[in-house]
Structure formats: structure tokens, C-alpha cells
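Fit chain P with the ligand to the supplied structure of chain Y, relying on the hints for placement.
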Amino acid sequence: MADSTATPVHGPELLHHFSTAQQQRDAASLGMWLFLGTEIMFFGGMFLAYLIYRLLYFNEFAAGSRSLDIWLGTINTIVLICSSLTVALGVRAAQMGKRKLLVILLLLTLIFGLAFLGIKGVEWYAKYKEHHIPGMSFDAGDLIRDYPQIHIDPAHEQIYFSLYFAMTGLHALHMIIGVGMFTYLLYHSMKGRYGPEYYTPIEMGGLYWHFVDVVWIYLFPLLYLIDRKPLG
Amino acid sequence: MATAVITPERENYLNQEYGIKSWLLTVDHKRIALLYLVSITFFFFIGGFFALLIRLELLTPAGDLVQADTYNKLFTMHGQVMIFFFLIPSIPAVLGNFLVPLMIGAKDLAFPRLNLLSWYLYIIAGALMLHCICTGGVDTGWTFYTPFSTAFSNTKVVEAGVAIFIAGFSSILTGLNFVVTIHRMRAPGMTWDRLPLFIWAHYATSVIQLLGTPVLAITLLLVVFERVFHLGIFDPTRGGDPLLFQHLFWFYSHPAVYIMILPAMAVESEVIACFTRKRIFGYKFVAMSSIAIAVFGFLVWAHHMFVAGISLYSALIFSALSYLVAVPSAIKVFNWTATMYKGSITFTTPMLYAFGFIGLFTMGGLTGLFLAALGIDVHVTDTYFVIAHFHYIMVGGAVMGYLGGLHFWWPKISGRMYPEWLGKFAALIVFLGFNLTFFPQFILGYMGMPRRYWQYPPEFQVLNVLSTAGSTILAVGYVLPMVYFLWSMRYGKPATENPWNAAGLEWKTSSPPPTFNFDQPPVVDFEAYDYEHIPEVEEVPVG
Ligand SMILES: [Cu+2]
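Residue numbers (our numbering), protein chains in the order written: chain Y, 122 to 353; chain P, 417 to 959.
If we strip away everything but chain Y, and leave its shape as in the complex, we get (with noise of 0.2 Å):
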């Protein structure tokens, strides 16, 4: 709230109906938490359905588990976990108006984010060549040959998958729009307009970064770890 009513001297990047630069901050920060609280429904309504769906068909969701590669998803948490690491960072070099930094680490931001899409495809690419795409002529023959020790319904497996697509679709949708704001943000720090005075959108996207970085944190262990332990 504006504690003051004297003309207040606006800088370039205060906008005018707002008096004062830390009122503006104090905005778009809030708008943004809130923002992260409809995102966080907005999954929550696919996570209530895993849960549900993993409850009713856990051999279904442990095969599907196991089918996905570990590896690939192992280092794609460390690689966006890196990622975290470089946004904070940024935020901090530019609040300190160490503009060069700046660059270097949100550039670094976007590698790791393209990275982990381009990983993220080769897995998705690998599940098409397994014909494990719901609705395109899906099979769960292999899994079945596969798991002989368990009951797999290959319409259950479906579900299986339906729910790793969507939410993994979706965080990579995410994770797009992140990219794209990032090359925002890289473009206009480079032209130098971000500095301990104003910071705000670095800081507004590193948030946005780290919360979908947190969605990942935890599809990976619900999607690939399910039962990872040698079947008897």
C-alpha cells in the first residue's frame, strides 16, 4: 500500500498508476504466488486422478513404471535441478548489477531447459517406436510378455500412459513457455535493463522456473519409480 501521498518521482520502468517501485514489485510478486496457486490446482486435478488410478491398478502403473528409462529421467532431474541453480543465481547477479553474469546464466538457464526437452523427446520418441502412445494403436503386448508374474489388463495400461502424456505433456508445455520467457529475459539483459533497481522480471521468471522444476521433482519419482525392485 502506498504510504505516501507526495507526487512520486516515477522512474522508467515504474508504471504510472502505481506510486512507488517497491508497490510494483510487491504486485507482481503476489501475482505471481497466485498465479503458481491456480498452477498448482491445475495439475493437482491430473495428480487426484494418478492417485486414484494408481490405486486401482498398481501392476498396470508399476509395469508402465519400469518400461520408462530410468536413466534418461534421472539425468533430466539433475538437469533441470541445475537449472534451478543458474535462475537463482541470475536473480541474485542481478541484483547485485553484475550484468555479464547475468547473461551467462540465464543463457546457461536455457540450455539446461532446451536440454531437458530434447531428452524428453528421445524418451517420448522411444515410447512411439514401443507403440506405447494411447489411442495410436497402443499395445501393451510387450509389457505383458515382459511381466509374466503379473496380471496386466492392457486397458488399464492405457490409463497408465494416457496419465504419463498428460502430465508429462503438460509440464514440457510448461517448460516451453518457460523457454520462451527466458529468451525474453536473456534479450533485455543484454541490452542492459535489468539492475539492482529493477529485477522484477528475472525474479517473476525464476519463480515461474523453479515451480515447474518442482512439478518435475515430483512426476519423476511418481512416473518412473513406482516399483523399481526385482520381480519375484
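Please note: incorrect hints may appear among the correct ones.
Claimed, not checked - Listed next, with one range per pair, are the computed distances between beta-carbon atoms:
id, chain 1, residue 1, chain 2, residue 2, range
1, P, Arg529, Y, His331, 23 to 31 Å
2, Y, Gly256, P, Tyr536, 29 to 37 Å
3, Y, Gly301, P, Tyr434, 34 to 42 Å
4, P, Gly552, Y, Met311, 47 to 55 Å
5, P, Asp609, Y, Glu134, 41 to 49 Å
6, Y, Pro351, P, Ile707, 50 to 58 Å
Hints in this document: simulated from the structure, not taken from any laboratory. Predicted model only: the values in this text are computed from it and were never measured. Backbone N, C-alpha and C define an ideal beta-carbon position, used for all residues, glycine too.
This is chain P with the ligand only, laid out in the frame that chain Y set:
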């Protein structure tokens, strides 16, 4: 306009800039409110057109005007257009957009460009919905129940789903903008307990929009995926669970009722205080009851599923929780009536709508308790009793609130007075037409007439004829205000700064307000509804 005005008008948000571009690219919350006003009025008349066709079909027991398939599409698109393209945005996006910054003494909403984006999202969604309507429409009912919507219906489910998905994001962004604005943009001295109750109710509404709408979004997205890729997640023949869909859908769609009714309550608090010249009785209780409604509203969704096959125990709990919502609603109604007690009441048009609101909302709310009761609900599920109940809430409540609010703030919005006697006349017609349309439906439903059929046994005809007759009267009541509002923009008496002699910051700036709302940044040193300290004026404002 130049003919009607002799003295040069002072600069305001309407005459500051001219031309279509100055409207389509505006970031002024007041202009965006008007953009919304025009677009939702358009959809209101489309939805109303479907309603009239439905009522005409039901004039006779035989299915003679339209085929069963067409009838299915009519009630589906009536529901979808009215709910997602009229009621949900109505008061928040028009009156809320216009008034939230004015009432808290801000220059604009916190994110003006986001506000414009949300209007464009609404327009994109609306265009898609229109395209869907014109190229065949949908027949799933507004509820999109699976597996009918995902596996059987061969109408444009995907298109309607995507349209409502996009409209949902428009609604989320409006809610987000309001919450941030109310937190961060209040004028000096505008503390939380000085906020008008309009603001409190919009705050509660926005919280529901933020937490509920994304769940609808993901639900519709899953329906679209399921329909396009045949996933099976909602298909019982392939291990999917249609009840999961219903849970997700009603998790949003029950609270959505409060997205529609809370803003109407917001309007009534302002109107009743002004025309009884008193501070709202129990200000804090009324403020907190808005928050309570938002919270409780999220705990009762399964009362829409009592006969869908949920367990008896969960049905019992949801039934009991549903009664809980009645408490904050009753607090509001009792406190409004307590405000009127010994107040000096003026019977202006907005006040007539407020009286209508209180009566009809109470009817709708009390019949809601019938439906929350497990035993009665099983008896009247999917009958016209349910239809009558929620039209009492949404048309008798939300639309009455919207019209009342539009009349109350019209002088501020347009700078002109509407003709008061015509306003009162239209309000009366709306009230009579409404009751004639919907009261017979309570009886029809209790007698067992099911909803969503295009024909019915002949013994139900008398009541159906009454209902159809009422709907045509209601239509006249809705067309009238549109006509005289348009008329008043050119010929209406110019409005003063505060024609109702009302409290509140929005009345302390010119009508219509300047682009940045206030010439001097306001400082608030008075309580809300400070009517004791407002000097009475002799002349009663009559347009
Ligand atoms: Cu409900």
C-alpha cells in the same frame, strides 16, 4: 453527443480519446469494463434466445417445435452460454472491473494489460463458442458428463470444451487481478475494515476463481484428450471412472455458483446501505460471511452426485456440509433486513431490484436446503424442482443483482441518468415475469416432471403454459433496460458527481470519472457506509 451538451464536457475516460483503436487497445479498467458490458450483453441475448426456444417447445406436451436432438442442443447451449459467457463474467468483469479500483482509491487495477488480455481471451472463447453453435452445437448438457461426452455424443464437444477452457483463463486472470489490486493498491487510510462490502465479496469471488477454475480447466482438457485420443480415463468399459469426472467437474462447478451469487450480494450491500441511509448492520459479519461462503463452497460439491453411485457415508457427510453454507448466506440476508429496520428507505430502481434479490435469493436458498437433504434430493433429482431452484439463485439472485447494480452505477459509468419511472416499471416486470416463469417449475418438479425432455405428459401442460407466458414477460423486462440505457447515453439528464448522495470513494469523483479516476489521490479518513455523517439533500434524484 454534441447536441445534448451545451457546456463543454470536462475530460473523462469516455471522451479522452476517440476511435475504435482507443477502445480495443485500452488498458483503462473502466473502458475494459464497458468492453465486457457490450460483449456479455450480446451473449446474454443469445442464451436468452435459446431459453425462449426451450420455453416455446414446452408450450405443448408434444415435441412439435423442434426435434429431440435439437432440444438437447438448445438446453446445452443455453446453459453453457449463460453460465460461462454471461453469469461468471457478469458482475465481476463489468461492475467489478469498473468499481474495484474506484472504491479503494486506486488509479487502475494492478495489472492493466493483463486485464485487457483477459477480455481478449473472453472474446476468443466467445468466438469459438459462436462458431461451435453455428456449425452444429453440442448436446451433452452444460455438465459434459462422461462417457456420453467422450464416447457417444457426435456433436462439437471438443470445440465447446476448448472454448470454455479459454473462457476459464479469462476468469482466472480477472480474479488474480482483483486479489492483487485489493491487497496492494488501496489508497492511504483504506484499511481492511474500511473496505466496502462490495470489495470483500469480490475478494471472496476472486479466491474461488483462482482455486476452482484451474480444476475445471484440467477436467475439460482431459475430456478433450479422452475424446480425441480415446484414452479411457473416464470410460467405465476400459477401467476408467466417470465418477472421477463428476468429482472434478463439481469441485469447480459448485463453487462456481458462488462466483455468480457473491458479486450480486456485493451489489446489494452497497445499494441497501445507500437507500436506507444506514451503515450495514454487522459489517464484520457480512464481510466474513463472504469469506466463509468461499471456504464452505469448496466442501460440498458431491451433493450433485447423491444418485450417481457415491457411498452412502460420503453422501451423508456432503449433505450435512451443504447445510453449513446456509449459515453465512442467512447471515447476509438477516443483516440486510436488519439494516433496513428503522432506516429511511427510498424506493428507487436499484432498491427495487435489491428487494427482489432478497426475496428470490431466499426462496432459492431455502429450496437449496431441500436439495441438500439426502432423502428429498433423491426424490427430486433431475426434475424441474432443481431447475427452478437454481434459476431462483442465478436469475432471481445473480441477474437481479447485476441489473440493480447496473442501474445504481449507471450515472457513474455513463455520466447520465436513466429514466427512473421506466426503470421501476422494468424492475416490476422482471420480478413478475420471473416468478411466473419459475414458480410453476417448482410444482412441476415436485409432481415429477423430469428436466431435459422435449415432450411431457399432458397433465403438466397448464403449468408449462404459465411458465412460457412468464418467460415472454421476463424477456420484455430484460429488453427494456437495454433500450433506455442506450437512450439515456444521448438524452439522459447529465448525472452529478453523487446523484444518490451515497457513501464510498467512487462517488467522490466526477461522473464519468477521469482516466486516472481521481484528480487528487484520495486519502481515506472515514469508515465504510458513513451515512451518519453525510448531510441529507432535499431533492430526490429522479431522472
Ligand atoms: Cu452445488
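Checked hints:
1. The beta-carbon spacing between Arg529 of chain P and His331 of chain Y, approximately 24 Å, falls within the hinted interval of 23 to 31 Å.
2. At about 32 Å, the beta-carbon gap between Gly256 of chain Y and Tyr536 of chain P stays in the expected band of 29 to 37 Å.
3. Taking the beta carbon of each, Gly301 of chain Y and Tyr434 of chain P are about 36 Å apart, inside 34 to 42 Å as hinted.
4. Checked against the hint of 47 to 55 Å, the pair Gly552 of chain P and Met311 of chain Y passes, with Cβ atoms roughly 50 Å apart.
5. The beta-carbon spacing between Asp609 of chain P and Glu134 of chain Y, approximately 34 Å, falls outside the hinted interval of 41 to 49 Å.
6. With their beta carbons about 53 Å apart, Pro351 of chain Y and Ile707 of chain P fall inside the hinted range of 50 to 58 Å.
The structure fails hint 5 only (numbered hints given earlier).
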